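Given chain A's structure and the hints, the job is docking chains B, C and D with the ligands onto it.
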Amino acid sequence: MKVNFKIQNNIIIVDLNGELDHHMAQLVKQQLNAFLLKKQAKKILFDFKNVTFMDSSGIGMILGRYKELQKINGKVGVVNVTSNIKRIFEMSGLFNIIEFFTDKSEAIEKL
Amino acid sequence: MKVNFKIQNNIIIVDLNGELDHHMAQLVKQQLNAFLLKKQAKKILFDFKNVTFMDSSGIGMILGRYKELQKINGKVGVVNVTSNIKRIFEMSGLFNIIEFFTDKSEAIEKL
Amino acid sequence: MDILNEMKLEFLSVSQNESFARVVVASFAAQLDPTLEELADIKTAVSEAVTNSIIHGYEDTIGTIRISSKLYKNKIEITIEDYGKGIADIEKARQPLWTSKPELDRSGMGFTIMESFMDSLEISSFPGKGTAIRMTKNFEDKSSKR
Amino acid sequence: MDILNEMKLEFLSVSQNESFARVVVASFAAQLDPTLEELADIKTAVSEAVTNSIIHGYEDTIGTIRISSKLYKNKIEITIEDYGKGIADIEKARQPLWTSKPELDRSGMGFTIMESFMDSLEISSFPGKGTAIRMTKNFEDKSSKR
Ligand SMILES: Nc1ncnc2c1ncn2[C@@H]1O[C@H](COP(=O)(O)OP(=O)(O)O)[C@@H](O)[C@H]1O
Ligand SMILES: Nc1ncnc2c1ncn2[C@@H]1O[C@H](COP(=O)(O)OP(=O)(O)O)[C@@H](O)[C@H]1O
Chain A
1 MKVNFKIQNN IIIVDLNGEL DHHMAQLVKQ QLNAFLLKKQ AKKILFDFKN
51 VTFMDSSGIG MILGRYKELQ KINGKVGVVN VTSNIKRIFE MSGLFNIIEF
101 FTDKSEAIEK L
Chain B
1001 MKVNFKIQNN IIIVDLNGEL DHHMAQLVKQ QLNAFLLKKQ AKKILFDFKN
1051 VTFMDSSGIG MILGRYKELQ KINGKVGVVN VTSNIKRIFE MSGLFNIIEF
1101 FTDKSEAIEK L
Chain C
2001 MDILNEMKLE FLSVSQNESF ARVVVASFAA QLDPTLEELA DIKTAVSEAV
2051 TNSIIHGYED TIGTIRISSK LYKNKIEITI EDYGKGIADI EKARQPLWTS
2101 KPELDRSGMG FTIMESFMDS LEISSFPGKG TAIRMTKNFE DKSSKR
Chain D
3001 MDILNEMKLE FLSVSQNESF ARVVVASFAA QLDPTLEELA DIKTAVSEAV
3051 TNSIIHGYED TIGTIRISSK LYKNKIEITI EDYGKGIADI EKARQPLWTS
3101 KPELDRSGMG FTIMESFMDS LEISSFPGKG TAIRMTKNFE DKSSKR
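Residue numbers (my numbering), protein chains in the order written: chain A, 1 to 111; chain B, 1001 to 1111; chain C, 2001 to 2146; chain D, 3001 to 3146.
Take these hints with a grain of salt, some might be off.
[As the list claims (entries may be wrong)] In the SDA-like style, the derived pairs of lysine to any residue whose C-alpha atoms are separated by at most 20 Å in a straight line are:
{"#": "1", "chain 1": "B", "residue 1": "1086", "chain 2": "D", "residue 2": "3108"}
{"#": "2", "chain 1": "A", "residue 1": "67", "chain 2": "C", "residue 2": "2097"}
{"#": "3", "chain 1": "B", "residue 1": "1029", "chain 2": "D", "residue 2": "3104"}
{"#": "4", "chain 1": "C", "residue 1": "2008", "chain 2": "D", "residue 2": "3073"}
{"#": "5", "chain 1": "C", "residue 1": "2092", "chain 2": "A", "residue 2": "91"}
{"#": "6", "chain 1": "D", "residue 1": "3070", "chain 2": "D", "residue 2": "3134"}
{"#": "7", "chain 1": "D", "residue 1": "3073", "chain 2": "C", "residue 2": "2101"}
{"#": "8", "chain 1": "B", "residue 1": "1071", "chain 2": "D", "residue 2": "3104"}
{"#": "9", "chain 1": "D", "residue 1": "3075", "chain 2": "C", "residue 2": "2012"}
{"#": "10", "chain 1": "A", "residue 1": "2", "chain 2": "D", "residue 2": "3070"}
{"#": "11", "chain 1": "A", "residue 1": "42", "chain 2": "A", "residue 2": "91"}
{"#": "12", "chain 1": "D", "residue 1": "3070", "chain 2": "C", "residue 2": "2016"}
{"#": "13", "chain 1": "C", "residue 1": "2101", "chain 2": "A", "residue 2": "2"}
{"#": "14", "chain 1": "D", "residue 1": "3073", "chain 2": "C", "residue 2": "2012"}
{"#": "15", "chain 1": "C", "residue 1": "2008", "chain 2": "D", "residue 2": "3064"}
{"#": "16", "chain 1": "D", "residue 1": "3073", "chain 2": "C", "residue 2": "2108"}
{"#": "17", "chain 1": "A", "residue 1": "67", "chain 2": "C", "residue 2": "2102"}
{"#": "18", "chain 1": "C", "residue 1": "2070", "chain 2": "D", "residue 2": "3073"}
{"#": "19", "chain 1": "C", "residue 1": "2008", "chain 2": "D", "residue 2": "3008"}
{"#": "20", "chain 1": "C", "residue 1": "2075", "chain 2": "D", "residue 2": "3012"}
{"#": "21", "chain 1": "C", "residue 1": "2070", "chain 2": "C", "residue 2": "2141"}
{"#": "22", "chain 1": "B", "residue 1": "1043", "chain 2": "B", "residue 2": "1074"}
{"#": "23", "chain 1": "A", "residue 1": "86", "chain 2": "C", "residue 2": "2108"}
Calculated directly from the structure, the hints in this document are not laboratory data.
Just so you know, these numbers come straight off a predicted model, no measurement behind them.
Isolated chain A (complex conformation):
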């Protein structure tokens, strides 16, 4: 999995690529935390467009970022989630606490 970060509209956009399992979730977390420290942004948008696999480690990683950002009144959003991965989001109740978008530009505007 490759991860790319971009800042737009004060939002860190995390472009995930490949399979988001525990191995990759750890790498994403490390890189993201380092990036957060430098950039001081309060919002993160995870783009799932190119994610081909996710298990509960992905849920944990996103939930972890949500909890950290909550402390500083920040927000976490997710965009472009496809069917199989959607089921996992649904099962774990993440839809209730995190903002979901279907369109990236809408997400960047509204998050």
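For chains B, C and D with the ligands alone, kept in the frame of chain A given last:
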């Protein structure tokens, strides 16, 4: 692997698809022999365009058909062989006894 | 029921083997010609169980994980074992959102996902000895389709 | 040299497992980030050895094939074992174009291909006990490239 047979210019054209290992070589051999019995053709052209893998079982299968057709004065040809598979053909000396073509219509004309 | 095929895999509890384990089981299961969704379900369940052995079973040590799988007509059986810490309270561990390691960003959804993506799930575990997860999944019967 | 990763696989000697074995070893080897050609070489060598165990080792019976593999920095070691017939004359078996089963369309090129696609090949075999093939391949060192 999928195999398709076609007759053109009195040549049985064997369109190989996928990985030509021992498992698949056996299937190809069976189907080809049944087809040969019905059609009474004396020439076989193996099209390797869509073959993604071959090991020595592929060599054995082609050599086997060559030997059978030799008995009835027939011929075996091969077309569209790509680099990795080419090495295996070269190592086993098949280039010396079987006709190789780079172009399919040329093969159908000249075999 | 007759066993059509059988395999066993053994590997180290390092996180780069999570994707390796998924590929191995998925490519074995592929012999039954499952749908893409069935394959995705199996990959996810295997990933959960293997990750648990790495994180919870062996914690910061490196141990051996064993996977064995059997194929039947339209059915796969998968067993994933470690020889690590074990689970003291299996009832509690199965509950959605319960995790012993929230500090490691665990969501506590692993067993819930395995249960809902597979058709059966059995957990046997002995503290100090290790954990074995046995799961089965039934595939759609293609022979009845037109 | 330090072992970076290690796995063992066990499966039945049926021909549909030839492609399964290739996928498993290739996806394990992928952790060393080999070139496509290096991967193709490994797949071919594994395919030859596994096919030999199925055809020559177990002939018309079904037995167990074991593969084990270790990853080192820029190097893979692969061992493929069966507990079948064994090879009486290893020297002869290694010769190009020599086969004991020409009637089964064997070309006698298996060992020649393993030898030329891998960097080392050791055969140990005992008639009636079985055969073990140990192969290694060195990968191009990417760290020295710019
Ligand atoms: N292989 C294992 N060895 C030891 N403990 C385990 C194992 N698998 C699961 N557990 C325990 O069960 C709990 C619940 O597991 P799970 O539902 O997968 O959630 P999570 O992995 O997110 O914690 C874990 O937090 C852990 O305490
Ligand atoms: N695993 C094995 N068990 C028993 N005999 C074997 C085994 N592998 C190879 N052999 C013997 O060595 C010979 C040469 O093998 P190889 O070069 O792979 O050619 P081929 O498989 O085409 O016969 C075989 O014909 C067989 O007699």
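Here is what the structure says about each hint:
1. The straight-line distance between the Cα atoms of residue 1086 of chain B and residue 3108 of chain D is roughly 17 Å, inside the 20 Å bound, and the hint therefore holds.
2. For the hint pairing residue 67 of chain A with residue 2097 of chain C, the CA-to-CA distance comes to about 15 Å; that is within 20 Å, so the pair holds.
3. For the suggested pair residue 1029 of chain B and residue 3104 of chain D, the alpha carbons sit about 11 Å apart, so the restraint of at most 20 Å is met.
4. For the suggested pair residue 2008 of chain C and residue 3073 of chain D, the alpha carbons sit about 26 Å apart, so the restraint of at most 20 Å is broken.
5. Pair hint residue 2092 of chain C plus residue 91 of chain A holds up; C-alpha atoms about 18 Å apart against a cutoff of 20 Å.
6. Under the criterion of a C-alpha separation no larger than 20 Å, the hint pairing residue 3070 of chain D with residue 3134 of chain D is consistent with the structure, at around 11 Å.
7. Proximity of residue 3073 of chain D to residue 2101 of chain C is assessed by CA-CA distance (about 33 Å); at most 20 Å being required, the pair is judged violated.
8. For a cut-off of 20 Å, the pair hint linking residue 1071 of chain B to residue 3104 of chain D stands: about 18 Å separates their Cα positions.
9. Note on residue 3075 of chain D and residue 2012 of chain C: the hinted pairing holds, with a Cα-Cα distance of about 18 Å set against a maximum of 20 Å.
10. Annotation: proposed proximity of residue 2 of chain A to residue 3070 of chain D is violated, straight-line Cα distance about 26 Å (limit 20 Å).
11. Between the alpha carbons of residue 42 of chain A and residue 91 of chain A the distance comes to roughly 27 Å, so the proposed pair goes past 20 Å and is violated.
12. Our distance criterion of 20 Å between C-alpha atoms is met by residue 3070 of chain D and residue 2016 of chain C, whose separation comes to about 14 Å.
13. Taking the CA atoms of residue 2101 of chain C and residue 2 of chain A, the gap is about 26 Å. The hint is violated against a cut of 20 Å.
14. With a C-alpha separation of about 17 Å, the suggested pairing of residue 3073 of chain D with residue 2012 of chain C holds against the 20 Å cut-off.
15. Only pairs whose Cα atoms come within 20 Å are accepted, and residue 2008 of chain C paired with residue 3064 of chain D is accepted, the gap being roughly 10 Å.
16. Restraint check for residue 3073 of chain D and residue 2108 of chain C: the C-alpha separation of about 36 Å exceeds 20 Å, so the hint is violated.
17. Distance check on the hinted pair: residue 67 of chain A and residue 2102 of chain C sit about 11 Å apart at the alpha-carbon level, within 20 Å; holds.
18. For the hint pairing residue 2070 of chain C with residue 3073 of chain D, the CA-to-CA distance comes to about 34 Å; that exceeds 20 Å, so the pair is violated.
19. Taken as a hint, the residue 2008 of chain C and residue 3008 of chain D pair is honoured in the structure, with Cα atoms around 8 Å apart against an allowance of 20 Å.
20. Taking the CA atoms of residue 2075 of chain C and residue 3012 of chain D, the gap is about 18 Å. The hint holds against a cut of 20 Å.
21. Annotation: proposed proximity of residue 2070 of chain C to residue 2141 of chain C holds, straight-line Cα distance about 17 Å (limit 20 Å).
22. Of the pairs offered as hints, the one joining residue 1043 of chain B and residue 1074 of chain B holds, with about 5 Å between alpha carbons and a cut-off of 20 Å not exceeded.
23. Restraint check for residue 86 of chain A and residue 2108 of chain C: satisfied, since their Cα atoms lie roughly 17 Å apart, inside the 20 Å limit.
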